[in-house]
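*Asks:* Chain by chain, the residues run as shown.
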Amino acid sequence: MLKHDVVIVGAGLAGLRACVELRKKGIDAIIVSKVYPTRSHSGAAQGGVNAAFDENDSWESHFFDTVKGSDYLGDQDAIEILTSEAPANILELQRMGVVFNRNDLGGIAQRPFGGQSFPRSCYYADAVGHMMLHGLFDNVLKYKTKILYEYFVTSLVVDNGHVSGVVAYDIKNGKFEGIAAKAVLFATGGYGQVYSSNTNALINTGDGMAVSIKAGVPLMDMEFVQFHPTTLKSTGILVTEGARGEGAYLLNSLGVRFMSKYAPKAMELAPRDVVARAEQTEINEGRGVDGAILLDVRHLGKERIMERLPQIMQLSIDFEGVNPIYEPIPIRPGMHYSMGGIKTDNNGRTVIQGYYSAGESACVSVHGANRLGGNSLLDTVVFGRRAGVDIAEYLKDAAFTKFDESLIKRDEEIFEKLKKSNGKERHGLLKAELQEEMRANVGVFREEKAMKKAVKKIEELKERAKNIGVDDKSKLFNTDIVEAFEFSNILLIAEVIANGAILRKESRGAHYRNDYPERDDENWLKHTLATLDAQGNIKFDFSEVTITKFKPQPRTY
Amino acid sequence: MEFKVRAYRFNPEIDDKPYYKEYAVQDFPGMTVLNALMKIKSEIDGTLSFRRSCRSAICGSCAMKINGISKLACKTQVNPEITKFGIINVEPLANMPVVRDLIVEQESFFDKIKEVRPYLLGQRDDEEHYKFHALKEGEKIIQPVYYKSEFQNLTGNNDTPNCILCECCYSECGGVVGNKNYLGPAALAKLYRYSEDPRDNDRNGSRLVNGSKPDGMWDCVHCQACEEFCPKGISPVKGIVKMHEKAIKNSINFSSGAKHIISIAKSIGETGRLDEVKVAFDTGGITGLINDLPMAFGAGLKGKIPPHQA
Ligand SMILES: Cc1cc2nc3c(=O)[nH]c(=O)nc-3n(C[C@H](O)[C@H](O)[C@H](O)COP(=O)(O)OP(=O)(O)OC[C@H]3O[C@@H](n4cnc5c(N)ncnc54)[C@H](O)[C@@H]3O)c2cc1C
Ligand code: SF4
Ligand code: SF4
Ligand code: FES
Numbered sequence: 011m012l013k014h015d016v017v018i019v020g021a022g023l024a025g026l027r028a029c030v031e032l033r034k035k036g037i038d039a040i041i042v043s044k045v046y047p048t049r050s051h052s053g054a055a056q057g058g059v060n061a062a063f064d065e066n067d068s069w070e071s072h073f074f075d076t077v078k079g080s081d082y083l084g085d086q087d088a089i090e091i092l093t094s095e096a097p098a099n100i101l102e103l104q105r106m107g108v109v110f111n112r113n114d115l116g117g118i119a120q121r122p123f124g125g126q127s128f129p130r131s132c133y134y135a136d137a138v139g140h141m142m143l144h145g146l147f148d149n150v151l152k153y154k155t156k157i158l159y160e161y162f163v164t165s166l167v168v169d170n171g172h173v174s175g176v177v178a179y180d181i182k183n184g185k186f187e188g189i190a191a192k193a194v195l196f197a198t199g200g201y202g203q204v205y206s207s208n209t210n211a212l213i214n215t216g217d218g219m220a221v222s223i224k225a226g227v228p229l230m231d232m233e234f235v236q237f238h239p240t241t242l243k244s245t246g247i248l249v250t251e252g253a254r255g256e257g258a259y260l261l262n263s264l265g266v267r268f269m270s271k272y273a274p275k276a277m278e279l280a281p282r283d284v285v286a287r288a289e290q291t292e293i294n295e296g297r298g299v300d301g302a303i304l305l306d307v308r309h310l311g312k313e314r315i316m317e318r319l320p321q322i323m324q325l326s327i328d329f330e331g332v333n334p335i336y337e338p339i340p341i342r343p344g345m346h347y348s349m350g351g352i353k354t355d356n357n358g359r360t361v362i363q364g365y366y367s368a369g370e371s372a373c374v375s376v377h378g379a380n381r382l383g384g385n386s387l388l389d390t391v392v393f394g395r396r397a398g399v400d401i402a403e404y405l406k407d408a409a410f411t412k413f414d415e416s417l418i419k420r421d422e423e424i425f426e427k428l429k430k431s432n433g434k435e436r437h438g439l440l441k442a443e444l445q446e447e448m449r450a451n452v453g454v455f456r457e458e459k460a461m462k463k464a465v466k467k468i469e470e471l472k473e474r475a476k477n478i479g480v481d482d483k484s485k486l487f488n489t490d491i492v493e494a495f496e497f498s499n500i501l502l503i504a505e506v507i508a509n510g511a512i513l514r515k516e517s518r519g520a521h522y523r524n525d526y527p528e529r530d531d532e533n534w535l536k537h538t539l540a541t542l543d544a545q546g547n548i549k550f551d552f553s554e555v556t557i558t559k560f561k562p563q564p565r566t567y
Numbered sequence: 003m004e005f006k007v008r009a010y011r012f013n014p015e016i017d018d019k020p021y022y023k024e025y026a027v028q029d030f031p032g033m034t035v036l037n038a039l040m041k042i043k044s045e046i047d048g049t050l051s052f053r054r055s056c057r058s059a060i061c062g063s064c065a066m067k068i069n070g071i072s073k074l075a076c077k078t079q080v081n082p083e084i085t086k087f088g089i090i091n092v093e094p095l096a097n098m099p100v101v102r103d104l105i106v107e108q109e110s111f112f113d114k115i116k117e118v119r120p121y122l123l124g125q126r127d128d129e130e131h132y133k134f135h136a137l138k139e140g141e142k143i144i145q146p147v148y149y150k151s152e153f154q155n156l157t158g159n160n161d162t163p164n165c166i167l168c169e170c171c172y173s174e175c176g177g178v179v180g181n182k183n184y185l186g187p188a189a190l191a192k193l194y195r196y197s198e199d200p201r202d203n204d205r206n207g208s209r210l211v212n213g214s215k216p217d218g219m220w221d222c223v224h225c226q227a228c229e230e231f232c233p234k235g236i237s238p239v240k241g242i243v244k245m246h247e248k249a250i251k252n253s254i255n256f257s258s259g260a261k262h263i264i265s266i267a268k269s270i271g272e273t274g275r276l277d278e279v280k281v282a283f284d285t286g287g288i289t290g291l292i293n294d295l296p297m298a299f300g301a302g303l304k305g306k307i308p309p310h311q312a
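Going down the list, the sequences are from chains A and B.
Using our numbering, you'd call the opening residue of the first sequence number 11 and step up by one each time.
Using our numbering, you'd call the opening residue of the second sequence number 3 and step up by one each time.
The hints are simulated quantities; they were obtained by calculation from the structure and are not laboratory data.
Quick caveat, the model's predicted, so the values are computed rather than measured.
Careful, some of the hints might be misleading.
[Said to hold, decoys possible] Computed from the model, here is a short list of chain A residues facing chain B with C-beta under 8 angstroms:
#, residue
1, His-140
2, Asp-148
3, Glu-435
4, Leu-439
5, Val-480
[Said to hold, decoys possible] Chain A is nowhere near these chain B residues, computed Cβ spacing over 12 angstroms in every case:
#, residue
6, Phe-5
7, Leu-36
8, Leu-123
9, Lys-142
10, Tyr-149
11, Lys-192
12, Lys-240
Yeah, the Cβ is synthetic: ideal placement off N, Cα and C, and Gly gets one too.
So here's chain B without its partners, still in its complex pose (with noise of 0.2 angstroms):
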């Protein structure tokens, strides 16, 4: 079968504004889009460009919008598109600025990982007895002893830690659509993965703090596009509202975070995107402070803006 795929193209150093180019490429079985497109650049035009590595869907290089639709080139097959939609699409990440063809600029992305602080704070205190020698002769080694009720938020199939990077909640994200500061879903995933390892030592909650700051967890718009677009089938939100939880639980323990938070909270109230929220502000124990906020619900969520823009 001969299909057509029609990319976007646009280099700024040539072109004056984007557009798109069609190529008739010829079929195999299992074709990926991916494989598509290195047909066409070796075959056909060098000069399509787009980042791949691994061609498996581990190293978040390809991700792309396929027939409109943030996904992994890698990891697409060419038939149900074509399928579907007669022709494939394909055009860069949104939220993202273009710098070439189907590349995007991820500085910022890259960034706001970084914000998050993602490594462990301090050690559990028993690991100084663990320190680095080779073996001896007949010598074993002793292990820390960790169970796996400890990592059971982190090593199930669907689980933060299988995060690639790859970008494609990012540019689904509707609360990067609303402040592109927000920290996106990413960057959160990260956040609740260290922050549900049973290693990291961070005693007085300062993650929870940090990702409170303004543009962080508290800005997710609960549109659930994370979720749904993962090609890791991770979920981000679900991550976002656990730390929304943890965060209103602990309150009490933020000595300046807490009064960050609990006005966020009031905005979210105003706004109305609390169904989720609601219950953790109930089981906190600060449902005086609640019942004081008033509720509107829906507005924001339709509209993903995120709570203090709206």
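Same shape as in the complex, but just chain A (with noise of 0.2 angstroms):
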């Protein structure tokens, strides 16, 4: 059995950014991943991370493009200390040894992305996650923090209301451990993996929400799900926003730049769930290029291509068999960020004591229906902070819980049965289902009918995986194992998705009814808090949405 003060689990930014403001302090804060911090999902991050900085700009400015964006599901009073706290953030990233583009005058260099009415995304070429992940984990070793990397987080342990340690499975020499902790921050980013054709790390399975709901804390507006509208065609693999903020345009198979018809002002630069429903609208009316859409950057010209936007360069290459300084990329909108998560207050804490989230895991919110790009980096390092701050004071008189050691037998017992099982089902082709599954009937344009059928289907799905059979028995950096065991998380977000999505009968941000095409105000301005009962099936309540400034308004870009 392991102690410390404080477990953090998960290494992306928003981990790593508490990690550093709990070590600073010289807190005893450790970190526990299930990969190596740097492989985290959000060094993939290309495009930028949005704060105000020019003097024409201002922070309230950003304030209200984000409820906007939000589709007025956001919290104002969550959005407003997103917004205000952003430029610090990004100058006190900076002070740590991050490093951004500059403009001439010395400052940091910004470039538009969607729904943002001001260029106000600072990047670094269009790797700003690498640089940020890099630059915060070496912040981590400064502080030389112990961590457990490759380790499996399984259960969270609760002790009467109060967080007592995580139980976490050792996946190179396959022994589980409890980890005892005063207070514990989930940092586990998206579920990606939900979905097939998504742009996510093959990591992203949700894990953490799993986790949580299983421990009884509400998961909040996870029918919200962000598509994409440029990721590869092939692959999903994204090409960033910040390639239309360049300049790049959006064109169908009659070389029509189509979004003069859906968002006239704002064009290729309007919001993301705005841009990928017009994409798929010309594709399934017959305007679509084998199924994709064209992005089109030649006329930046090969200098600012290779200068500005490298890696999708790349990538587009080495993917897409496209070079696009001499041809359009084929690309189409595919499943990127999870707007909902664990239900946290603007300090990271849940409903359980000492238990916190923050970043993609977890739901503040300030995305709403839909967030905008450039703003999750931004969420990562803000809240990712302040749950570093908040806990610090939190620990002051805080204990250790009892900590229940049947719970690391329990889940040691799910493995072994799950090592024993000649089963015949394989994981890995019920996970192929379930994602094509999600992506054709919960997807981007949704209705009743389907929804329900992908219900019926995964409760199907639910059934089989009581015969999955693993090859691997070894205890050695089993990986066969933590993928079984991975996808009975995917299957359970992926149900919670689903009924969320057929409960909400409007049509809100990136939740697009086909048979409830209008935002319905009146009845559906709140959120959805989805828990598990003693049956495990799920149930949905629901909270009001904070409103402090800015009334709901018809949403046109």
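Fit chain to chain and form the complex, with the hints in mind.
*Replies:* So, in structure tokens, the structure goes:
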């Protein structure tokens, strides 16, 4: 049994940012991550991170853009924090060693992003997440932090409403370990693997959310799933919105910039939900090119492409066989981001004392029904930092609580049983079936009938999952068994998403229903909260949206 | 098309020794080696073990030897490999112990990264003015000023901050082959990255002194493998050479480090790898010293032997 004051699960930007905050105060905080920190998905973020720096810009305008982008479902007190703390957070990162591209005046260079009324996305070429992740990780090393990597967290341990720690599986040697803590932070990222054709890392399996709902913590607004308009046609790999920020066009098979029809003012830089739907409509109505749309950057010229979008150029060549200097890139909408997540307050606290969440695994909620590009990296550092600050306060009179060690045994048995099973179902194949079902029936356009079919499919997969057998019986670096467990997590998350989406009978932000095409503030300007009952069935509850400054208005671009 | 993947297999828990196993895989357009491995794992053999995460060449998880060369599996297309070799041979990276199948033990690699103190030492004095605070209504933030030119070695496409710590260079590094304690290209690229940072407040040059310790930057055998095999187009060795130059230029300022550097420089002289370094010696104004060193070019370079062991 290990014992530390704070256990941070997840070493992406949110986890690392919180960690730095705690470690620089000398607090005994450790990191637990299923991959080495720099392998975390934050490193894949390409485009930028938003903060109002320019003298003609203001954080208040960023505030409003974000509220509008969220289709008024974001909590305005939280968004005010996000945007008013943004510039200081970026400068703090810069002070820690993160490099941003510079403008001619010696300030941080900024590019336009979708749904933002001013160019306010700070960037490092098209690899800003990589830069931030490595910069923060270097600081975690600076403060000599203990890192348990390749440890897979399977349970949250709670005693009477207080957190007591986590159970983790050491992938390297197959041992289960209890880690007791006064405070636990989940910064476990999103669940992209619920969908086929997604931009996410293979490790993004919504573990933290699944573990939380099983421990009695509500998940909020899970039906809001972001589909990114520009992902490579064959692999789903992301082409940053920064490409459109730099001036790229979206063309249909007729060579027409079709966005003029859907968002005449913002054009290609309308928010993601709007652009993704426009593309899907073009494709559905027969104006696609082999089921895709074309992203054209040729007019930017070779030099600008190589300077500002080098990674995009390389990714297009490596993964799509297209050199964007000479040809347009075939793209289509792909699952990208989880707006919903573990319900937290503005300091990362959840309903369980001492248990926190931040980053994509959390739902504060600053993104509401649709996240704006460049706001998620911001979310990870602003709320990662705040969680760190709050945990430091909380520790002042927190104590270790009773750690129920039988939970270690329980998880061990789940794994042992999986290993012994000679079931014929393969988790890899079940996962592919689930992903395809979710893409097809709980995707960009939704309707009751299709979603009910998806729920049925999930029921079927749950049954078949009882017959999963794993090939690998070894204790040593057994990734087969980890993947089997991850599959059970995405299955649970899929169930929450699909049921939440059926429940919400309106269209708002990324949640678009053909059968209820209008936003319905009267009945649905509220958050959904999902929990599990004793039988493991999903229950829904609702909570108020915090509105401070901006009354809901029609959302046009 | 159906093609064959021949995978290095070894699970010390059950196998006495490593062996190779062949799998037949059906390809699809644009298939990568990682796609092929994942297909094998999910459809044929769940015991085949490898690391992977982003599948877009940015996380550095999936490096392995593919047909003999250290590469990212997610960035390597199946088709050209098959055209060239007729098969996809996959093996674990070199220069690190194998844990199992394609998975290597990375602890020592990461320990070396820690050793170069990969963070800013101190802060520029005026940074204190920018203490963290949330903005009030109507308030604007004031930023510190840094010009583009100050970051010129840090913001280019192939500059060292783009390193993803994938270990390809480390696996191919001649310096590590000769001396397993050698810091290696990635750690030294990191050292270089921070030594070039205009915000770094390394007043007494301790970075380069540190980097000049035994097993440090002077143990590079200039085999150029790191530059050749980096999937991100980075050239750690260019940075290493620049640091050599810088160290020599500043050697008079090094109190304790100076002697050491000079003695290592001497040994380089003896083994003959002075080509790049010599220039620096000359410009460093310590040519007198150089003249005393016997020169014998070539020998060590070919054998990939680090200087002080040659
Ligand atoms: C391709 C791509 C590009 C993006 N570009 C942008 C952009 O330009 N701007 C922007 O603002 N946002 C962008 N985003 C979104 C943004 O990158 C993410 O939302 C954000 O990085 C999430 O960070 P995180 O710290 O919450 O989680 P992650 O970085 O995903 O980290 C999760 C961590 O949790 C750990 N973990 C998970 N489960 C377990 C478990 N069971 N046990 C132990 N550890 C576990 C993982 O090991 C990992 O360390 C992009 C996203 C993608 C996919
Ligand atoms: S040039 Fe130096 S650092 Fe690079 S691979 Fe060769 S020995 Fe290693
Ligand atoms: S320098 Fe290149 S090869 Fe070496 S670890 Fe970094 S990215 Fe990989
Ligand atoms: S899987 Fe991330 S680099 Fe290959």
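*Asks:* Evaluate each hint against the coordinates.
*Replies:* Each hint tested on the structure:
1. His-140: holds, 6 angstroms
2. Asp-148: holds, 4 angstroms
3. Glu-435: violated, 12 angstroms
4. Leu-439: holds, 6 angstroms
5. Val-480: Check passed: Cβ of A/Val-480 comes within 6 angstroms of chain B, closer than 8 angstroms.
6. Phe-5: holds, 18 angstroms
7. Leu-36: Per Cβ check, B/Leu-36 is inside 12 angstroms of chain A; nearest 9 angstroms; violated.
8. Leu-123: Given a closest Cβ separation of 9 angstroms, the condition is violated.
9. Lys-142: The claim breaks: B/Lys-142 does not keep its Cβ more than 12 angstroms from every Cβ of chain A (closest is about 6 angstroms).
10. Tyr-149: violated, 5 angstroms
11. Lys-192: Incorrect as stated: the minimum Cβ-Cβ distance to chain A is 8 angstroms, not above 12 angstroms.
12. Lys-240: Label holds. Min Cβ-Cβ 18 angstroms, cutoff 12 angstroms.
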